[in-house]
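Undergrad: Chain residues, written in single-letter form:
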Amino acid sequence: MHPREDQFWLLVSLRFSGEATPEESAMLDRLLEERPEMAARLEATSDWWIHAAPRNPGLKKGALQRHLQRLNEREKLPPRRGGGRRLFLFIAGVAASLAGFSFFIYHWTPKHPTPTVAHNSISTKSGSKSKIQLPDGSQVWLNSDSRLIYSETFTGNEREVQLCGEAYFDVAKDPIHPFVIHTNTIDVRVLGTTLNVRSYSNEKNTEAVLIRGSVEVILHSDPEKKIILKPNDKLIVSNANLASTKTAKADADSGRTLNLGKVHFMARDSSAVEVLWVKNKLAFDKETLETVALKMERWFNVKVIITDDSLKQMEFSGVFEEEALPQVMEALRLTGNFHYTIRRRVVTIRP
Amino acid sequence: MSDYNVRMLDHLDQLTVISGLQMRIALYEDMKAYKQLYELLSDGLYRFSYSMVRSAEVAEEIVSDVFIKLWQMRARLSEIDNLRVYLYTIARNCSLNYLERNADSRVIGLENLDSGAFAEGANPADLCISADLANQMRRIVQQLPPQCRLIFQLVREEGLRYKEVAAILDVSPYTVRNQLAIAIQKLGEASLLKGILFKGVAEK
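If you read the sequences in order, they're chains A and B.
For what it's worth, our numbering labels the leading residue of the first sequence as 0, then goes sequentially.
For what it's worth, our numbering labels the leading residue of the second sequence as 112, then goes sequentially.
Quick caveat, the hints were computed from the structure, so don't treat them as lab data.
Here the structure is a predicted model, which is why all the values come from computation and not from measurement.
Fair warning: there could be bad hints in the mix.
As the list claims (entries may be wrong) - Facing chain A, according to a computed beta carbon distance under 8 Å, are these residues of chain B, among others:
#1 T127
#2 V174
#3 S175
#4 L298
What the hints assert, rightly or not - Computed beta-carbon distance windows for the label pairs:
#5 R250/B x I49/A: 56 to 66 Å
#6 I49/A x M184/B: 32 to 42 Å
#7 I304/A x E211/B: 43 to 53 Å
#8 T20/A x D124/B: 19 to 29 Å
Claimed, not checked - The calculated DSS-like cross-link candidates involving lysine-lysine, where the alpha carbons are at most 27 Å apart (straight line), are:
#9 K302/A x K278/A
#10 K285/A x K203/A
#11 K59/A x K146/B
#12 K233/A x K172/A
#13 K146/B x K278/A
#14 K274/B x K280/A
#15 K60/A x K143/B
#16 K60/A x K180/B
#17 K278/A x K229/A
#18 K75/A x K59/A
#19 K302/A x K280/A
#20 K146/B x K280/A
#21 K180/B x K59/A
#22 K233/A x K285/A
#23 K75/A x K180/B
#24 K180/B x K278/A
#25 K75/A x K146/B
#26 K59/A x K143/B
#27 K274/B x K60/A
#28 K229/A x K172/A
#29 K274/B x K302/A
#30 K75/A x K143/B
#31 K285/A x K311/A
#32 K143/B x K278/A
Using N, Cα and C, we set each Cβ at its ideal position, and we do this for glycine too.
Sequences and hints are given; from them, build the entire structure.
TA: Rendered as structure tokens:
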């Protein structure tokens, strides 16, 4: 049975453009096997498609300069829309997904006198980040796959937010209204400071890193005990047994539950490794491949599978700036000496 | 890995790079990122606009307008899912507007564009393909119906996915799929008529 010509070319075009499903691809292969003369046709066109299809020339030289000049002239003009009440809610998340990625954020309700307590929720998906300015002027950078919730009574006695995931806070100074960050494991109370809090439910630990100022951390497992952090202190609290650690004294001897250390700096960067993500740098600091995989899943919006358990414990350090997934994987492979494949949005790592 | 898979990887790569730049522009008003984005996308946008308006000056101005708009809306950039598709869509609208303004009330749609906007400049150099064949292929591309040609151009030259092309041209993904198949069939049959000219190339 001979399929129609146009059917054959449809399959060819799907393969060329990389849009063929596995079924379509198999169908084409079968067809080529049954009818070798078709293979010659495909070969002829294929090479042309890949290497030699005509391509119009691009812009003339100096286009960027000419453009920047036009942009400058435009920017000098007074803004067309002036004044008005402005809500400083800057959202800047970025979609990095092939399939119809929908970046969504917020329902922001401007202040109005309603008795019910409404919540504002800002979330980011994997592969995206966002920056928010809270009503008190505090700035929050929200890392991938994270959510920040604050109530409308935010401007009350305490400025309270709930965090799932990772965020970098630059808290506006206001000694009268403490700023409280709630996570599943700890609460962090601050007056005005800069800090990073990392609390993903699928990770082993919750981390708080203080950059400037001072903060007080309250452990859910032991609310009596308050921990004061100084700049560059890093607090790591185990996420395990959230409820049952209540009796266990979170002391140095049970170092797994609670760990106080210092942030790390890498030679090239003036910022602590822990907060490089705010500068759009993907950093690993003696982290196991398992943790690295989790970070990459969020960063690139991919799924990472590690087939071998011993690989998971391998440690990696490194900072990547603007590198795409294949480059990062290649760098890891060179140090880790493993094999990997990237198919669709799944990265598989094997020995 | 086959060349076709490489193509998909390139696409994934590009999207990652573009969204990285998009974020830097949105978060930090990063001028360097803005320029990089221009370098990355301006040629493709230019070729696309040029195929419609067929004037180098106008096409360059359209690209510039697209990027001015991008800068002006930088604070809201994050709301855009696929920036590249978004910019192509603006370029398309600008091009159609231009054609409309300059066509004495003639209604312009993609279907009504003049054929043959494909310019000289295809470069068969360093390819083991005879200039003769390259020319013939170019002629065939030029003679494709306008919409079919634009679809071919966006998929083949700019490496866009069907879904993206569909969004840019405001047609269904099936149209893209079918039109591209038509283009490939015409090109494939033509290359056959010329005999198996690529034998030498395939062994390269």
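Undergrad: Compare the structure with each hint and give your call.
TA: The hints, checked one at a time:
For T127/B, the interface hint holds, the least distance from its beta-carbon to any beta-carbon of chain A being 4 Å, beneath 8 Å. A distance limit of 8 Å between C-beta atoms decides the matter here; for V174/B the minimum to chain A is near 7 Å, and the interface restraint holds. Checking S175/B against chain A: minimum C-beta separation of about 4 Å stays under 8 Å; hint holds. Evaluation of the L298/B hint against chain A yields a held restraint, the C-beta minimum of about 6 Å falling below 8 Å.
Here the CB-CB span from R250/B to I49/A is close to 20 Å, at odds with the stated 56 to 66 Å. Distance hint check: the CB atoms of I49/A and M184/B are about 37 Å apart, consistent with the given range 32 to 42 Å. The given range of 43 to 53 Å is respected by I304/A and E211/B, whose C-beta atoms sit roughly 52 Å from each other. For T20/A paired with D124/B, a C-beta distance near 22 Å keeps the hint of 19 to 29 Å intact.
The straight-line distance between the Cα atoms of K302/A and K278/A is roughly 23 Å, inside the 27 Å bound, and the hint therefore holds. Proximity of K285/A to K203/A is assessed by CA-CA distance (about 15 Å); at most 27 Å being required, the pair is judged to hold. Among the hinted pairs, K59/A with K146/B is consistent with the structure: their alpha-carbon atoms are about 16 Å apart, no more than 27 Å. Restraint check for K233/A and K172/A: the C-alpha separation of about 21 Å stays at or below 27 Å, so the hint holds.
For the suggested pair K146/B and K278/A, the alpha carbons sit about 18 Å apart, so the restraint of at most 27 Å is met. The suggested pairing of K274/B with K280/A is violated, with an alpha-carbon distance near 30 Å, which exceeds 27 Å. Taking the CA atoms of K60/A and K143/B, the gap is about 19 Å. The hint holds against a cut of 27 Å. Between K60/A and K180/B, the direct Cα distance comes to roughly 22 Å. Compliance with the 27 Å bound is thereby established for this hinted pair.
Distance check on the hinted pair: K278/A and K229/A sit about 23 Å apart at the alpha-carbon level, within 27 Å; holds. As the CA atoms of K75/A and K59/A are separated by approximately 26 Å, the hinted pair is consistent with the 27 Å bound. Note on K302/A and K280/A: the hinted pairing holds, with a Cα-Cα distance of about 20 Å set against a maximum of 27 Å. As the CA atoms of K146/B and K280/A are separated by approximately 19 Å, the hinted pair is consistent with the 27 Å bound.
With a CA separation close to 21 Å, the supplied pair K180/B and K59/A stays within the 27 Å bound. A C-alpha spacing of about 15 Å is found between K233/A and K285/A, which places the hinted pair at or below 27 Å, so the restraint holds. Taking the CA atoms of K75/A and K180/B, the gap is about 15 Å. The hint holds against a cut of 27 Å. Between K180/B and K278/A, the direct Cα distance comes to roughly 25 Å. Compliance with the 27 Å bound is thereby established for this hinted pair.
Restraint check for K75/A and K146/B: satisfied, since their Cα atoms lie roughly 19 Å apart, inside the 27 Å limit. Restraint check for K59/A and K143/B: satisfied, since their Cα atoms lie roughly 21 Å apart, inside the 27 Å limit. Under the criterion of a C-alpha separation no larger than 27 Å, the hint pairing K274/B with K60/A is inconsistent with the structure, at around 32 Å. Straight-line distance between C-alpha atoms of K229/A and K172/A comes to about 17 Å, which keeps the hinted pair within the 27 Å bound.
Restraint check: the Cα-Cα separation between K274/B and K302/A comes to about 22 Å, which is no more than 27 Å; the hinted pair holds. Taken as a hint, the K75/A and K143/B pair is honoured in the structure, with Cα atoms around 20 Å apart against an allowance of 27 Å. Of the supplied pair hints, the one linking K285/A and K311/A holds, its CA atoms being roughly 13 Å apart against a limit of 27 Å. A hinted pair counts as satisfied when its Cα atoms are at most 27 Å apart, and K143/B with K278/A qualifies at roughly 14 Å.
When each numbered hint is compared with the structure, violations occur for hints 5, 14, 27.
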